[in-house]
Structure formats: C-alpha cells, structure tokens
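J.: Chain by chain, the residues run as shown.
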Amino acid sequence: MRSIIRYAAVVVAIGSLAIWLGCGRKSESPAAKASIDIKGSDTMVNLMSALAEAFMKAHPDKQVAVTGGGSGTGIAALINGTTDICASSRSMQEKEIDLAKQKNIQPKEVVIGMDGLAVMVNKSNPVDSLTLEQIKQLFQGTVTDWAAVGGNKGEVLIHSRESNSGTYVYFKEHVLNKGDFATNARLMTSTAALVQEISTNVNAVGYGGEAYGKQGNIKMLHVRKTADAPAVYPTEETVRGGAYPISRPLFLYTNGAATGLTSEFITFCNSAEGQKIVREVGYVPMKG
Amino acid sequence: MPLSKQYWKARAIRYFFMTCAATSVLIVVLVFLFLGKESIPFVAKHGVGELFGEVWQPVSFEDEQFGILPLVTGSILVTLLATILAVPFGVVSAIYIAEMASPVEREIWKPVIELLAGIPSVVLGFFGLVVVAPLVKETFGLTSGLNALTGSILLALMAIPTIISISEDAIRNVPKSYKEASYSLGASKLQTIWKVTVPAALSGIVAAVMLGLGRVVGETMAVMMVTGNAAIITFSPVESVRTMTATVAAEMGEVPFGSDHYHALFVIGVVLLCMTFGLNMIAQKVLKKYRIG
Chain A
1 MRSIIRYAAV VVAIGSLAIW LGCGRKSESP AAKASIDIKG SDTMVNLMSA LAEAFMKAHP
61 DKQVAVTGGG SGTGIAALIN GTTDICASSR SMQEKEIDLA KQKNIQPKEV VIGMDGLAVM
121 VNKSNPVDSL TLEQIKQLFQ GTVTDWAAVG GNKGEVLIHS RESNSGTYVY FKEHVLNKGD
181 FATNARLMTS TAALVQEIST NVNAVGYGGE AYGKQGNIKM LHVRKTADAP AVYPTEETVR
241 GGAYPISRPL FLYTNGAATG LTSEFITFCN SAEGQKIVRE VGYVPMKG
Chain B
1001 MPLSKQYWKA RAIRYFFMTC AATSVLIVVL VFLFLGKESI PFVAKHGVGE LFGEVWQPVS
1061 FEDEQFGILP LVTGSILVTL LATILAVPFG VVSAIYIAEM ASPVEREIWK PVIELLAGIP
1121 SVVLGFFGLV VVAPLVKETF GLTSGLNALT GSILLALMAI PTIISISEDA IRNVPKSYKE
1181 ASYSLGASKL QTIWKVTVPA ALSGIVAAVM LGLGRVVGET MAVMMVTGNA AIITFSPVES
1241 VRTMTATVAA EMGEVPFGSD HYHALFVIGV VLLCMTFGLN MIAQKVLKKY RIG
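So the protein sequences, as listed, match chains A and B.
Under our numbering, the first sequence is numbered contiguously, ending at residue 288.
Under our numbering, the second sequence is numbered contiguously, ending at residue 1293.
So here's chain B without its partners, still in its complex pose:
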C-alpha cells in the first residue's frame, strides 16, 4: 500500500513537469503560427516584391511604402559593429579569466561581469542617450551622437557578458593534457594559450559569439533610444539607422488594427525571427560539436 502511494506521487510529479515542459514548446509553435497568420495577408496583397523597396514610409497621406530593406540593413549594420567591438574584448577577457587570473580574482570578476548582463536595457539606453551619445559626438566631431555607432556600443555591452561566460567555460573545458603536452614541448604560457588552448576551445567560442549576436539582433529598447531611427540605407557607422526591432516596437502602438501597416510589422517580425532562429541554430550546432570533441 505505501508503495502504491509513492508510485502515484511520482506519477503526479512527472505529469506536472511534463505539462510545464510541453507548455513552452506549445508557446513556440503558437508564436510561429500567429506570426505566420498575421503576416500572410500582407504578402498575399502586395507580393514579396514590395518588401524589397528602399523606402519605409508606412504612415503617409501620399504613398505608403513598406520597403524593409533600410530596416534590415540597419539591423545588420548595428549588429556587425557590435560584433567587431564585443568579440575581441569578450574573448580576451575570457582568456584572462580562465587562464591567467588567480582563483580569488576569478571569484570577483565573474559575478561582476554577470551583473552587466542584468542591467535593464532601458537603463542602458538612457545611459547611452545622456552619456555615450554626446561622447561619440565629441570624439568623432559629428553633427549628432544618435547613430549606428552609439547603438552598437550599447549592444556590445550587452553581448559581452554572454560571450565572456560561455567562452570562459569552453576554454576551461580544454583537457589539461593538451596544455601539459604543450608545456613539455617547451612552449611558453602565451604560446600555449594562442596555439593550443584557444584553437581547442574555438567551437565553444564561436557558439558564445553566436549566442551573443542572437541577443544583439533582438535587442530593442536601447537601440531605439540612441540610433536616431531614420530609415535610410547606409553602411556608415556615423549615420542614423532604424532597426527592425525598433520599428516594430515604435509603430505597433499606433497602427490601425488589420491595416497593411499592421501586417507589414508582422512581416518584419517573421524576418527577425528567422534571423535570430538561424543564429541560434548555428550556435547550437557548433556547441554540440564542441561538447563531443
């Protein structure tokens, strides 16, 4: 009798956990379905060609235009710049923490870096608006500090904790025997790090970068506050850009329900989801490879 009671208890707990797990899967599926359902009317009405236009002018008395090209290039520009800033910084920091810092130092560094990940993006955005933007403006002698560069600096700050955390794990998981072999061949510490440890942890570092990028592409609030949000196609870091996320966030509030503009915003959502989904897939693939190796 007591055995049976325990059996039922275990069963109940199992089902509870299963329901929780199934819920998140269900939500992902629902999000995909919902985005698809809301974006299809736009494609059906205007065709895919309209989306490749170079002008995003969704509220207009003359001619509403829904070219998402400036938004896509805006997102890509900001993401690339953020990568260029965050990757060297993040990877070098990870190497330091994993290989050179003393255990006491490591205990201090890691939590502080993880604290950086916890800063709400609106706070970071405000910091960007009043501190980073004027600084960028002064430093480069620009007419305005609200541009792609300022946005990417903030995004780099957000990506760095992810990159450091995961890269550091990867570097520390490199088998000790690799390093010992390297030392026994007479290599110095720096030589060992660059020639043995980092290459061995490379797939983990790549995955870390990908996950960091995933966060950067989807970030909204901070970029919306500091990039100036002008929808122009440019590859200059000192021009103002408008990202896909900022567009959806800024325009969703006003848009008349069920209008072309409304459906166009969902199309942007689909494009954005595909981009982050792709990045995460690549990251997971790379991470898996590194775990087996």
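Excised from the complex, chain A in its bound form:
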C-alpha cells in the first residue's frame, strides 16, 4: 500500500514538473508577438519564403515564418486558428468556409498573383498543341495512344500530382470538368519528381506550374480552348490576360480583414516590390 502511494507521488511530481515546464514556455510567446505564421500551398512556398525574406530585410524587428504542406493543410490551419495567413493555390471550398464559420473564423481572400498550369511532355514528343477536350481525354484515359492526338504511336503515360496538391484539385476541376483521373495515372509526390520522370520518358504527359516547364527535357504544349480557337502558349501575358485557358489565381487567406503585421505583410506582397518578387519566382504578377 505504502509503495503505491510513493509511486503515485513520483508520478505526480514528474507530471507537475512537465506541466510547469510546458506552461513556462507558453507564457513567453504572447509577449514577443512581432511575428506571423504563413502556412499552406507547396506551390507557393518558394514565393512566400522569398516575400517573407524581403519583408524581414526591410523590417528587421519582425518575423515571418513560412511553412508548406499543401493548400489543404494551410486551410485546415486557418480553420483551427493556428496560422495568421494561409497561402492557397485554390479557392476555399464551400464545405471549408462553412466549417470555418462554425469555428467563428471569417476567411477573407486576397489575390497576389497568377499561375499558369502547363501541360508538359517530353521534348522529343512531336505533339505541339492540344485542345482542352483532348487533354481531358488523355488524363481520363479515354485516349490511350499518342497517335490519336497526332503523335507517334505509343501508350500515353499519365503523370499527375498527389491528391494533397492544390494543383491536382485545380486541374481536376477546371481541365477534367470535375471528372476523375484515369486509375492508372501515376501520382507523383512533387512537381520536381514529375518533371524528372517526363524528361526521361518519351510517352509521358503531366502538368505543373508554368515555371517548371522551362527546365530539363520538357516541352510545354500550346493549348486551344476549343478545336477552332487559337493555340496559346503559356506566357506571362497570356496567363494574366486570360488568353491561356489553364491559369489560376494565388490566394492569401486571413481570418477577417487583416490587421497589424498581417496587414502590413499583405500590403507588401501587392506593392511594386512584392510583385517584382512574384515575377522573379516564376509566377505572373497582377500588374504588368
């Protein structure tokens, strides 16, 4: 009996020590609140880091921390109140906005740039342009041979991003018209891995941010909205002007109208200096 009491005493002692240490850490943070967190899109993580760095250079006393994880991760963090800004390469879904409102979070969106999604093939693939309908058929697996869309005979190897990627959801919604990818589509964990695979494989097709299409053994396709529309190559002008059919805005979400440091940072993103960084990282700024 006595040994049980002693044992309990030891456990309580260790437990309270742990709680004491935990509290000690927590009570520090509110005092030093010259910092904000940005969480979200992997597509935007390079962009947000570059913006944060430039911002901190201009304001050395302020801290901006950027983490990726995917647009969904960022939105979840916004809903749970664990991030100040959520970077997202897709707009929030109805479900997510409802969930946020249940938790008394009022998502407010700001667009800081545009991203053109390129359809990429290997450089030695003779196909140069496709219609949106043909792209849909390729990725849904209803066309399985390149010969059907004007290429050399060979089985189409579909490469997609994983379903945790904002790019995946965007492509599914806007190119596949909310249809599903073919089940034999290979799901790549990053755009870099996807680019690597396409540059070594003649019959591969994939999609990704326009900035990725300039490297390696990759060719970006001209895209036609309909069979008789002009074939448009993804460039800054065509993406911003909307002539290129597959482009998307890059969003920042905050809880309610931004205040304090958060607002300061967002203003910076849309300033001439911020927009210059948007272009340097490979996206299309809102103002030419």
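Rather than coming from a laboratory, the hints here were simulated on the basis of the structure.
A portion of the hints provided could be inaccurate.
[To be verified] Quick look at which bits of chain B chain A covers, simulated, 3 or more residues with Cβ under 8 Å: (1) 1055-1062; (2) 1140-1149; (3) 1227-1236.
[What the hints assert, rightly or not] Lysine-lysine pairs mimicking BS3-like chemistry, simulated, CA-CA at most 25 Å apart: (4) K123(A) - K1137(B); (5) K1179(B) - K1195(B); (6) K214(A) - K287(A); (7) K1037(B) - K103(A); (8) K1137(B) - K153(A); (9) K108(A) - K62(A); (10) K1176(B) - K95(A); (11) K1289(B) - K1179(B); (12) K219(A) - K57(A); (13) K62(A) - K276(A); (14) K153(A) - K123(A); (15) K219(A) - K1137(B); (16) K276(A) - K214(A); (17) K1176(B) - K1110(B); (18) K1037(B) - K95(A); (19) K103(A) - K1045(B); (20) K1176(B) - K1195(B).
[Unchecked claim] Not everything, but these chain A residues come out facing chain B in the computed CB check (under 7 Å): (21) G69; (22) T73; (23) E162; (24) N164; (25) K178; (26) D180; (27) T183; (28) N184; (29) R186; (30) L187; (31) T189.
The C-beta atom is built at its ideal place from N, Cα and C for all residues, glycine as well.
Once you have looked at the hints, place chain B on chain A.
T.: Then chain B, alone, in the frame of chain A:
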C-alpha cells in the same frame, strides 16, 4: 542511517525506470485507442462493404470511392517481391558470415551490413528514383521504371540487414556438438551447413524473415517515391502500384479534418497496424520457440 539513504536512492531509481517502461506501454495503448476512435466513424457511416471496393478515388467531384483493395494488393505485391529478393540473398549471406568467413572478415562484414540499415529511407528513395528506376526500365524494356519491382528492390535493401543480423545469430547459436556429430559421421562442411546447421537454426531464420517483412510492410518514403502510386489492382511486378503507407502519407496533408476521407485514412492505418502486428506476433512466437529449443 546510510543504509536507509541507499534504500531510498534505489527506490527512486526503480520508480524512474518503471515510469519510462510504463510510458511506452501507455503509448502503444493510446495509439490503438486513437486509431480505433478515428476510424470507427467511417465504418459506422459506410459499413465495411465500401472498403472492399476496387477503386480508391477519395478526392472527386463526381463520386468519392474508398475501396482499399488496390492499396492492400499493392502493399502485398511489393512486400512479396521484396521477400523473394531479400530472403535468399540475406540467408545465404548470413550463412557465409556465420560459418565460412574468418573472424577478421566477420568484423568487417557485420558493421558494413548494419550501416545499410542506417541509410535514411528518403535517401534510398532518391537513389531509387534516379538510379534504380532507369536501370529497371532499361533492363526490362519497360515504358516506365516507376513500378512495383523498383519499389521492392529498395525494400529488399532495407530488409536485408535485419535478415542477415538475426539469421547470423541464430546460425551461430546452433550447438557445436551438432556440427561435430555431423563431421564425425563423415559429412563435408557444405553438407553439414545445409543438412544440420540451417535446419537447426530454421526457426531463428524464419523469425528474422518475419521481422524484415515487418519493416518492409510499414516502409513509406522509399516506396512512395518509386512505385508510381497508381491505385490499380495488379499482380504484375512491372505495373505501378500504390501502397497503404504511401496513401496515408501522401493524402493526410490535404484531407479536410473530420471528413470521410480523413476517417478512411485511419481505417487504412488500422489495417496496416493489424498486418504488421500479426507479422511481429508470428516472429516473436517463432523466436521464442527457437530460444527454448
């Protein structure tokens, strides 16, 4: 008085150790409870039948489908292939190190093999992506190197150190008298190894294989990088497959909290845990038997 002080010191140390040991048990129990709690809503809503579907299409505007069959077969295919590659290689190496290598050789072999176990799986995965996948593609004349075979080659590399280490211990623990009896009957060294030593160490070797498999089933990063992750039901080594671990790892980041998809991923976790738990149980049982014998 000094005796009492020592007594208390011993007591305190004892409780400290006990707390540490109890913590890991507690964590195992908590993991089971948590997985159960998060996966039950899915089963309650959709029933178990939904899980046996043949399509895994969790993010869809049309029809979300949560059939885990392609993921289970994907994991099994990759694991089986890895076993076929790793077991003969691992066991033969273990026999060599235990029975034929000189003591100096053994001192070199063992640490190097154990070093293989220490390679982070993401590094191995990257190696697979840029070296093994193109090699597999060229060798077999395939359209793509991202398939079950490439994944299982990497997994075999991970299982081999475990298999070698434990098999080698088992083989060396075979009583000397067995071998001496065999030699005195006029058997050659090779005959003794195959007919006496290996059968005597068999339960240890089986346990080694089981533990190696346990690691293979649960491995995530390397397979996610090289198997192509297409959720199709196939038993062809050159097709792309999607394993259970890769699915959970890849999709957990995006999944809306509390959605069907979220709970479905926990169901996968439960299935996976049951599989590795089963393998480890069998391994422990076999290992125990071999220790007594």
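J.: Next step is simple, just say for each hint if it's right about the structure.
T.: Do the hints match the structure? See the list:
1. 1055-1062: holds (count 7)
2. 1140-1149: Satisfied; 3 residues make the cut.
3. 1227-1236: Since three or more residues must qualify, the claim that chain A covers the stretch 1227-1236 of chain B holds, with 5 doing so at under 8 Å.
4. K123(A) - K1137(B): holds, 19 Å
5. K1179(B) - K1195(B): Measuring from Cα to Cα gives roughly 10 Å; hence the hint holds.
6. K214(A) - K287(A): Distance ~23 Å between K214(A) and K287(A) Cα, so the pair holds.
7. K1037(B) - K103(A): holds, 22 Å
8. K1137(B) - K153(A): holds, 19 Å
9. K108(A) - K62(A): holds, 23 Å
10. K1176(B) - K95(A): Status violated; Cα separation ~70 Å.
11. K1289(B) - K1179(B): Between K1289(B) and K1179(B) the Cα gap is close to 21 Å, so the pair holds against 25 Å.
12. K219(A) - K57(A): violated, 37 Å
13. K62(A) - K276(A): holds, 21 Å
14. K153(A) - K123(A): Measuring from Cα to Cα gives roughly 16 Å; hence the hint holds.
15. K219(A) - K1137(B): holds, 22 Å
16. K276(A) - K214(A): holds, 19 Å
17. K1176(B) - K1110(B): holds, 22 Å
18. K1037(B) - K95(A): Cα-Cα ~23 Å, so holds.
19. K103(A) - K1045(B): holds, 24 Å
20. K1176(B) - K1195(B): holds, 14 Å
21. G69: holds, 5 Å
22. T73: Interface hint status for T73(A): holds (5 Å vs cutoff 7 Å).
23. E162: Hint on E162(A): holds, closest Cβ of chain B at ~4 Å, below 7 Å.
24. N164: holds, 3 Å
25. K178: Since chain B brings a Cβ to about 3 Å from K178(A), closer than 7 Å, the hint holds.
26. D180: holds, 5 Å
27. T183: holds, 5 Å
28. N184: holds, 5 Å
29. R186: holds, 4 Å
30. L187: With Cβ-Cβ at 4 Å, under 7 Å, it holds.
31. T189: holds, 6 Å
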